[in-house]
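Asks: Given next are the chains, with one letter for each unit.
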Amino acid sequence: MQFGIFTVGDVTTDPTTGRTPTEQERIKATVAIAKKAEEVGLDVFATGEHHNPPFVAPANPTVLLAHLAAVTERIVLTTSTTLITTNDPVRLAEDYAYLQHLADGRIDLMMGRGNTGPVYPWFGKDIRDGIPLAIENYALLHKLWREDVVNWQGKYRTPLQGFTSTPRPLDGVPPFVWHGSIRSPEIAEQAAYYGDGFFSNHIFWPASHAKQMVQLYRRRFEHYGHGSADQAIVGLGGQVFIRPNSQDAIREFRPYFDNAPVYGHGPSLEDMMAQTPLLAGSPQQVIEATLGYRDYVGDYQRQLWLMDHAGLPLKTVLEQLDILGEQVVPVLRKEFAALKPAHVPDAPTHASLVANAGGGHDATVYAAADDVTGGSPDESRTPAATNGDRR
Amino acid sequence: MTTRIAVITAGITDPSSTRLLADRLTESVVRALGGHDVAVDLIEVREVAHDVTNNVLTGFASPELQERLDAIVAADALIVSTPIYSASYSGLFKMLIDVLPKDALRGKPVLLGATGGTARHSLAIDHALRPLFAYLGALVAPVAVFAASEDWGSIEAGRLGSRIDRAGADFVRIVAGAPAPRATDPFEDITPFEALLADASRA
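Residue numbers (the working numbering), protein chains in the order written: chain W, 1 to 391; chain S, 1 to 203.
Chain S extracted, bound-state conformation (with noise of 0.2 Å):
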């Protein structure tokens, strides 16, 4: 069986740091899983940044953006990797995961990675993301990888990667032991007329 990686990268600029950690993230993850056959969506929240404001401002996202959040939706697994600006997630990053629809990544695996200029805002994945994703009822991976601008280009790089093996480890065991839960579609699963009536007015 196919497992299903989405990975969300909120980086605005072209090359980003925030996609090359997601990037390295997705390759630990994808090396972990050994034999199983991956397929990976990458979405790039730069890509839809238009698109989801329209969607908070209108309530529905435009085609190109359903496919994205569809991808979500249906991953056994999720990757988010966003720059750390002012001390949290970027607020493109937090308008994708606002127009995700309701219990989303409940029960869902997910693996915390997040970029900034100095290690002194590595702490902002355990004040900012991790709440966030507590909230919305994810199996948030303990491990997470924080990449500060000196850990790209010194000794402490080499620290960064195998920061990222352990954090990918981990993460399938996580992944291999809780597979996502299937959405139920409520178009299809619906509850008899009779049902509603009595839950109206049970006191």
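Excised from the complex, chain W in its bound form (with noise of 0.2 Å):
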């Protein structure tokens, strides 16, 4: 199982003092909170893409991923979402192969649709398309990566011909994916089908909707061949407040509650931790609360929480991993180590998806002419000049 943290990266003033951050600090603030998630010995951290203010989440999370790459050793870095709609899926192949190559494999992504409306125009796409865009793009990510030369054409961009995505996948394995989506069932057919992963947020909405979408999701995963329902690879999100004294969990979160983006000066904070998987309160509750999660998704992967969102200073942000890394995190991997039944995998890492291939190779494309102008490798290969991953 592997514990870690999402940022959908808002700029968000803080209603306690008034304040808030610039861009700059917001986007320091994130690199701090990303090297403390590795050192407080948290397995992974997301970072969603935004285009419009109040975030600065990166636009291509694989700017921010990269500098992550290079200050931290250890941690998963992977995305929170990338959006499949409105990006080229030839830039999303191109740029996630890069990273991992920069990263030493230690990267995932996960695809989302995006739920902001004037985005779609922005990148000349219409945002009642997008589930034929997700579905469409994706498929011509899948096949990027995996195949050296592609021949392809679709709705949505121009066709390609004798087009090699470079740089190939490192070790011939490509990234692993998830899919993220709140209540669209064909994003969890989607995931299904190829056998990928299936992120549910699980958090600003009744955790009913995560349940419906991932038993649909593991019902389909079982259909397609992949494995049996219990063997899919589930991903969970979580929003958390923690102090050691619940009461005080409440009330230092109440502010940040009331103002925040998404459910502010709508529902209490009592209404809202009822009726949602949100959480303000101590450890013990955390621990107790996230295991129950178990019981209506069965067992999971990956569990992700939001903790820098709707204002907290940075402070108390990394005071929140501290908490989480020492007295939360430590109890739920031994406790849901000891409930996962042998057969339940854990989470994909570019390990296990080399050594499922049977080994790494390197999967470079060799043009053998032309190599000021890029000639096509269609034209221009030679047997001994490619070594290709082709499987």
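I should point out that these hints are in silico values taken from the structure, not numbers from a laboratory.
C-beta: ideal position from N, C-alpha, C; glycine also.
It is possible that part of the hints are untrue.
[Unchecked claim] A few chain W positions that, by computed beta-carbon distances, are all more than 12 Å from chain S:
| no. | residue |
| --- | --- |
| 1 | Ile27 |
| 2 | Lys35 |
| 3 | Ala59 |
| 4 | Val90 |
| 5 | Leu102 |
| 6 | Asp104 |
| 7 | Tyr120 |
| 8 | Pro121 |
| 9 | Leu133 |
| 10 | Glu189 |
| 11 | Gln231 |
| 12 | Pro244 |
| 13 | Asp271 |
| 14 | Met272 |
| 15 | Ala347 |
[Said to hold, decoys possible] 25 Å max Cα-Cα, derived DSS-like pairs, lysine-lysine:
| no. | chain 1 | residue 1 | chain 2 | residue 2 |
| --- | --- | --- | --- | --- |
| 16 | W | Lys125 | W | Lys155 |
| 17 | S | Lys102 | W | Lys211 |
| 18 | W | Lys334 | W | Lys211 |
| 19 | W | Lys211 | W | Lys35 |
| 20 | W | Lys125 | W | Lys143 |
| 21 | S | Lys102 | W | Lys125 |
Starting from two chains that each stand alone, build the complex the way the hints lay out.
Replies: Structure follows, in structure tokens:
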């Protein structure tokens, strides 16, 4: 089981001080938070992608993740989410494969459609095409990482003739992909079809949404022959605020909750805690609640928490990560491991994917001729000049 | 088989003439259904006013509101009764309609009722309520009932009773002839991936 944090990079006024961080402060804080996550023993750091204020999550997460790869040693770097709708799948294939090389495989990524309506037209897209875009773009991305030379035609981008996405995936093994969706059965179906992971946001909405989507994904994962339903790869979000004493947690978190993006000025903190997985409480309460998720989604592989939302100052976020790393995650690690049956796999990592592929190999596509303008290897390759991955 | 009727009433006082009209319309419909087994779910919007606001803000219903939304979705027929404010249905009434699941009222027989301080508001049913339910794809009954203040306490009250009876009798003919289509469950009736892929790339 992997434990980690995910951020959406919101630049939100701290309601207790009235102070709003600058973009640079928020960006540097994000780096500090990621480094702290590794320091306290978490396994995963995920960043969102944003193109509009009040967010400074990177427009291209690979920019931030490449930096983090250089300043961390061990933590898996991923996204929450990478927009599969408005990004060109060719750029995604190239950027994430490059990141995979830089980070020595210490990355994966999560696909999301994005729920900010105005973003779509900025990239020449229409939100009403959200699902078809996610389906077509990912089909192309999947192919670009698995076939050295791609001829392709679709509805949403220019056709490709004899195209090779470079660099080729590290060791000939594409990054593991999760698909995130709150309520769209089509995305659970997509994740199941490919045997990819499915991530349920699991915050802001009732747990019944997560349960319904995960059940569908598991059922269809088995249908498509990737293993039994309980072997499907599931990730969950969560949002917690932890203090040794639960009353203190609630008192300190309330002003942030009351003014937060998404749910602020709506239901009370108590209603939201009763109706969704949101929890302000003691370490023991967080442990019990998190173990309880397993009751409705089954044994799962990845737990990510949102810890730096709603204007919480960096100092508080770092304290929260200390509590998480010292008092919550070690207990959860032990408890979840004891509960998990042997046939349920862990979350795939680069090492496990390489092992499943029967070992890694260099997948470089060498273009034999014209190394100045980069003529297509489709035309120029010779058997001796290529050892690309064709699995 | 039981005929399930959901009744939405958006009056805010107690007692409320909007609720009174809802009750009278319901009685009339139940009577006109004769021997049928009828189950009525009454939804007082006021009781879930905060929940409806929260649903608009958060995108999900509280358990109390969800129970009421489920009753509306499951109903074979719907009776609505709203006060007319500023020439239209009340804002609270519209917010409840706004948080119904997509297509919840498609093909569902709906009987319209409204109340107002004066009969001069009576066309609000046709200018405001009818287009709303037409947009939602409901089978809206041609005969609707508007009850103005003067209808309740005068000789007109008798006519109100006969208008209610006529509306109920006509509505039952629609209900009997057009059972509401069953909602499909998008988590059960899924589109297989190959079909999604083929649809996505259809130029």
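Asks: Work down the list of hints and note, for each, if the structure agrees.
Replies: Against the structure, the hints:
1. Ile27: 29 Å, holds
2. Lys35: 33 Å, holds
3. Ala59: Given that every Cβ of chain S is farther than 12 Å from that of Ala59 of chain W, nearest at about 25 Å, it holds.
4. Val90: The claim holds: Val90 of chain W sits with its nearest Cβ about 16 Å from chain S, beyond 12 Å.
5. Leu102: Correct as stated: the minimum Cβ-Cβ distance to chain S is 32 Å, above 12 Å.
6. Asp104: The claim holds: Asp104 of chain W sits with its nearest Cβ about 33 Å from chain S, beyond 12 Å.
7. Tyr120: 16 Å, holds
8. Pro121: 19 Å, holds
9. Leu133: Non-interface label fails for Leu133 of chain W: nearest chain S Cβ at 8 Å, not farther than 12 Å.
10. Glu189: Its Cβ does come within 12 Å of chain S, the nearest being 5 Å, so this is violated.
11. Gln231: 19 Å, holds
12. Pro244: At about 30 Å from chain S, Pro244 of chain W clears the 12 Å cut-off, so the statement holds.
13. Asp271: 7 Å, violated
14. Met272: The claim breaks: Met272 of chain W does not keep its Cβ more than 12 Å from every Cβ of chain S (closest is about 8 Å).
15. Ala347: 23 Å, holds
16. W:Lys125 x W:Lys155: 12 Å, holds
17. S:Lys102 x W:Lys211: Since the Cα atoms of Lys102 of chain S and Lys211 of chain W sit roughly 21 Å apart, the hinted pair holds (cutoff 25 Å).
18. W:Lys334 x W:Lys211: 24 Å, holds
19. W:Lys211 x W:Lys35: 32 Å, violated
20. W:Lys125 x W:Lys143: Within the cut-off at roughly 22 Å; holds.
21. S:Lys102 x W:Lys125: The given pair, whose Cα atoms are some 24 Å apart, holds under the 25 Å limit.
Going through the hint list in order, the structure does not satisfy hints 9, 10, 13, 14 and 19.
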